[in-house]
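Asker: Here's the letter readout for the chains.
Protein chains: 2
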Amino acid sequence: MTDTAGNPSAHVPGMPVVAVIGDGQLARMMQTEAIELGQSIRLLAGASGSSAAQVSADIFIGDYTNLDDLRRVAQGADVVTFDHEHVPTEHLLALIAEGINVQPRPEALVNAQDKLVMRKRLREIGAPVPPFAAIESVEDAGAFFDAVGGAVCIKARRGGYDGHGVWFPTDKDELSALVEKLLAAGTPLMAEKKVALVRELSAMVARSPSGEIVAWPVVESVQTNGICTEAVAPAPGISEALAQRSVELAQTIAKELEVTGVMAVELFEFADSAGQPDIAVNELAMRPHNTGHWTQDGCVTSQFEQHLRAVLDYPLGSVALNSQVTVMANVLGGQSDPELPMAKRMAGVWTRFPGAKIHLYGKTHRPGRKIGHINLSGDDVDMTRREAQLCADYLVHARWADGHVG
Amino acid sequence: MTDTAGNPSAHVPGMPVVAVIGDGQLARMMQTEAIELGQSIRLLAGASGSSAAQVSADIFIGDYTNLDDLRRVAQGADVVTFDHEHVPTEHLLALIAEGINVQPRPEALVNAQDKLVMRKRLREIGAPVPPFAAIESVEDAGAFFDAVGGAVCIKARRGGYDGHGVWFPTDKDELSALVEKLLAAGTPLMAEKKVALVRELSAMVARSPSGEIVAWPVVESVQTNGICTEAVAPAPGISEALAQRSVELAQTIAKELEVTGVMAVELFEFADSAGQPDIAVNELAMRPHNTGHWTQDGCVTSQFEQHLRAVLDYPLGSVALNSQVTVMANVLGGQSDPELPMAKRMAGVWTRFPGAKIHLYGKTHRPGRKIGHINLSGDDVDMTRREAQLCADYLVHARWADGHVG
Ligand SMILES: Nc1ncnc2c1ncn2[C@@H]1O[C@H](COP(=O)(O)OP(=O)(O)OP(=O)(O)O)[C@@H](O)[C@H]1O
Ligand SMILES: Nc1ncnc2c1ncn2[C@@H]1O[C@H](COP(=O)(O)OP(=O)(O)OP(=O)(O)O)[C@@H](O)[C@H]1O
Numbered sequence: 001m002t003d004t005a006g007n008p009s010a011h012v013p014g015m016p017v018v019a020v021i022g023d024g025q026l027a028r029m030m031q032t033e034a035i036e037l038g039q040s041i042r043l044l045a046g047a048s049g050s051s052a053a054q055v056s057a058d059i060f061i062g063d064y065t066n067l068d069d070l071r072r073v074a075q076g077a078d079v080v081t082f083d084h085e086h087v088p089t090e091h092l093l094a095l096i097a098e099g100i101n102v103q104p105r106p107e108a109l110v111n112a113q114d115k116l117v118m119r120k121r122l123r124e125i126g127a128p129v130p131p132f133a134a135i136e137s138v139e140d141a142g143a144f145f146d147a148v149g150g151a152v153c154i155k156a157r158r159g160g161y162d163g164h165g166v167w168f169p170t171d172k173d174e175l176s177a178l179v180e181k182l183l184a185a186g187t188p189l190m191a192e193k194k195v196a197l198v199r200e201l202s203a204m205v206a207r208s209p210s211g212e213i214v215a216w217p218v219v220e221s222v223q224t225n226g227i228c229t230e231a232v233a234p235a236p237g238i239s240e241a242l243a244q245r246s247v248e249l250a251q252t253i254a255k256e257l258e259v260t261g262v263m264a265v266e267l268f269e270f271a272d273s274a275g276q277p278d279i280a281v282n283e284l285a286m287r288p289h290n291t292g293h294w295t296q297d298g299c300v301t302s303q304f305e306q307h308l309r310a311v312l313d314y315p316l317g318s319v320a321l322n323s324q325v326t327v328m329a330n331v332l333g334g335q336s337d338p339e340l341p342m343a344k345r346m347a348g349v350w351t352r353f354p355g356a357k358i359h360l361y362g363k364t365h366r367p368g369r370k371i372g373h374i375n376l377s378g379d380d381v382d383m384t385r386r387e388a389q390l391c392a393d394y395l396v397h398a399r400w401a402d403g404h405v406g
Numbered sequence: 407m408t409d410t411a412g413n414p415s416a417h418v419p420g421m422p423v424v425a426v427i428g429d430g431q432l433a434r435m436m437q438t439e440a441i442e443l444g445q446s447i448r449l450l451a452g453a454s455g456s457s458a459a460q461v462s463a464d465i466f467i468g469d470y471t472n473l474d475d476l477r478r479v480a481q482g483a484d485v486v487t488f489d490h491e492h493v494p495t496e497h498l499l500a501l502i503a504e505g506i507n508v509q510p511r512p513e514a515l516v517n518a519q520d521k522l523v524m525r526k527r528l529r530e531i532g533a534p535v536p537p538f539a540a541i542e543s544v545e546d547a548g549a550f551f552d553a554v555g556g557a558v559c560i561k562a563r564r565g566g567y568d569g570h571g572v573w574f575p576t577d578k579d580e581l582s583a584l585v586e587k588l589l590a591a592g593t594p595l596m597a598e599k600k601v602a603l604v605r606e607l608s609a610m611v612a613r614s615p616s617g618e619i620v621a622w623p624v625v626e627s628v629q630t631n632g633i634c635t636e637a638v639a640p641a642p643g644i645s646e647a648l649a650q651r652s653v654e655l656a657q658t659i660a661k662e663l664e665v666t667g668v669m670a671v672e673l674f675e676f677a678d679s680a681g682q683p684d685i686a687v688n689e690l691a692m693r694p695h696n697t698g699h700w701t702q703d704g705c706v707t708s709q710f711e712q713h714l715r716a717v718l719d720y721p722l723g724s725v726a727l728n729s730q731v732t733v734m735a736n737v738l739g740g741q742s743d744p745e746l747p748m749a750k751r752m753a754g755v756w757t758r759f760p761g762a763k764i765h766l767y768g769k770t771h772r773p774g775r776k777i778g779h780i781n782l783s784g785d786d787v788d789m790t791r792r793e794a795q796l797c798a799d800y801l802v803h804a805r806w807a808d809g810h811v812g
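Those sequence lines, one after another, are chains A and B.
Using this note's numbering, the final residue of the first sequence is 406, and nothing's skipped along the way.
Using this note's numbering, the final residue of the second sequence is 812, and nothing's skipped along the way.
So here's chain A without its partners, still in its complex pose (with noise of 0.2 Å):
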């Protein structure tokens, strides 16, 4: 193990140090973007062949669930920030009894750690969010079930991504023997009625400590078997009234609890009883967002860098866009790996689309695991959406899905 924590080499004198809780692929690409800014991320890593850490010369190897391992890391960093949201809360209100400088802080990540505290705040300040329960018996769940017509989703309040923790049950009896398996393993638990979804967005802003807030165009995202699968930039089709609403409550919702740093608002849009579009909150994330990928190409300032910028208080970036249309489509692990070697493969993505900006994360092949990215800009949305998905695909199964031969 490469343990370099406080590697001074690392850093040039005069330029701010910032820390990062987690090793994942945002805080590589974290990386990318203090570099380019004279800096460089030091990093509490779980190992020291993680996808950040891979890229990192001021690393210290930890566990974030330990007090002892965030105050070394935090120790002469101009700012502690995250690439997750599971630290426990009381660690961070400890550092910054300390005098350490948290962002964001944990008043506010609070709302992206607990699906039931957030849903409450968010009522609070008059967000919208379909109805939900908090459920600590079978019999709350039964109640719930029967007030939503038993339309109903099961989330574990706590700990849940990429759709883990997320159930459907369709009948009674299916959500009883859920709720009381889930309880008595101790999952704390809540209920929200099942939308009928017309689509999923995603608004996303940035905020400082200062107060000021930048917001990104809303994105349409598409989620597969629970995991993103696309994010598209700008959401096709959205009328003015619908983006501006959306982007109107990401910045309520930053400025009410004074989130800093970037935050993705994971909306659902339905049609309302006039079947109109309309939005509820699903989900915040704290932290740059998986449907944000599509700014590291698609404009000027990419969620990276901004989450950098607002967590140090720095004026934020424009984020005036480079092209009509940019898709994201994420690189999950395919059941096997193929046998043509991922350089390989993307030297095939290249031959045929020499506009693709490849994005991966140094991880080794998993199925369903998350290992990049394309992003590929493009004037036309439809053809730019199959094309994405074209090279995303190719990534993973070293043939074009479309029958294209070359």
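I should point out that these hints are in silico values taken from the structure, not numbers from a laboratory.
Don't take every hint at face value.
[As the list claims (entries may be wrong)] Here are the simulated lysine-lysine pairs, DSSO-like style, with alpha carbons at most 27 Å apart: (1) B:600 <-> B:587; (2) A:120 <-> A:181; (3) A:194 <-> A:181; (4) A:344 <-> B:661; (5) B:661 <-> B:526; (6) B:750 <-> A:255.
[Unchecked claim] Over 12 Å on every C-beta distance to chain B, these chain A residues come out as not near it, computed from the model: (7) 39; (8) 89; (9) 140; (10) 161; (11) 195; (12) 197; (13) 237; (14) 245; (15) 277; (16) 385.
Given the structure is predicted, the values throughout are model-derived calculations rather than measurements.
Positions of the beta carbon are idealized from the N, C-alpha and C atoms, including for glycine.
Given chain A's structure and the hints, the job is docking chain B with the ligands onto it.
Answerer: Just chain B with the ligands, lined up with the frame of chain A:
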């Protein structure tokens, strides 16, 4: 000193390892692109705190003129490439004899190392160069002076940069004294006719070992005291015909010299005897180049990604532009470093110009030292130039050259 060479944790299994000889900003900016491609560069660095070493996890501290140091960093790498031209040819030939993949090849690279070799070679292939001569004595210099009517420029054949190694003696006495002194010091020399410059241009291309060539639009570059201070892409007001000739010239040179990776062809634009714009080659650089920094923000594939793709023999990337004009302005250390810390100066720039892309190299202040650059995109050439200059100037002096306050 952290010596982490051969650190397997810095690379995910299966992805190519690119060894870069040199630790300056060019290697640093290759690293940001390598990261996004799922790789990480291995570095032969002079010091652990150097620009590229700060941001890399696989570093060998050594000397690029020492064959054993070169061997150690090359071992197990898929390709060896460079962020400067100063590696001795005999060492590169030795590495190749040992089976190492070196790109570009020394046979090409020598044309970027020796100004006289380059000019002879270019003349052979019919590329336009100003009249020149080898200078081995004061008499040679005097004869050349007479032949070009006194418009003479003396150049050290090797090792020059940022205008060091270029002299413009104004009369024969000055010339004789200069040449005598330089020859006595053992500096191999050449003379070139001093061209009545209209401006300087740069034509950049990338070529892969397979022979694919991609060219960026020709840019105008501005030199101040021999140092590149600005690049404007595409070159303002250039005729379609001259732009095409410039690009074709760079393509021809890349092909004839079997260049691999990125090459900049620095050009003089001057008026021919009929008063029409004409071009001649000044210099070749076989690596990413200062006049190509605009590509990081101004087009789909940056010169750093393209260089990695080219030396790895991947298909090359699209060079479609992100906006009508992109201006790169260099940030050069001023006479003294202002009291206002760099982070605050960055904030000042962004407050006024939220679209300014700041790229810093992790270097400390030294008068005249290149410590970073600004890229700014826009629609209006003159305004964008003015604004980019203002930003670069503010980063150096912590005050707005146009008197703006705030
Ligand atoms: N109330 C609901 N009605 C309909 N579909 C829902 C509802 N809640 C969740 N879903 C579906 O399940 C997916 C995953 O849910 P959710 O976002 O809560 O899970 P997660 O694991 O926290 O996801 P992520 O990793 O995207 O944050 C959603 O993107 C949506 O497609
Ligand atoms: N023959 C010439 N006629 C007129 N000006 C010249 C001539 N040669 C060089 N110059 C001027 O001097 C500058 C530096 O020259 P040159 O590019 O040869 O030096 P260098 O130190 O190798 O530069 P670089 O770092 O840009 O490669 C040129 O950009 C140009 O402005």
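Asker: Now tell me, hint by hint, if it's right for this structure.
Answerer: We went through each hint and held it up to the structure:
no., hint, result
1, B:600 <-> B:587, "holds, 21 Å"
2, A:120 <-> A:181, "holds, 25 Å"
3, A:194 <-> A:181, "holds, 21 Å"
4, A:344 <-> B:661, "holds, 24 Å"
5, B:661 <-> B:526, "holds, 16 Å"
6, B:750 <-> A:255, "holds, 24 Å"
7, 39, "violated, 8 Å"
8, 89, "holds, 29 Å"
9, 140, "holds, 46 Å"
10, 161, "holds, 22 Å"
11, 195, "holds, 35 Å"
12, 197, "holds, 32 Å"
13, 237, "holds, 24 Å"
14, 245, "holds, 24 Å"
15, 277, "holds, 31 Å"
16, 385, "holds, 18 Å"
In terms of the numbered hints stated before, the structure departs from hint 7 and from no other.
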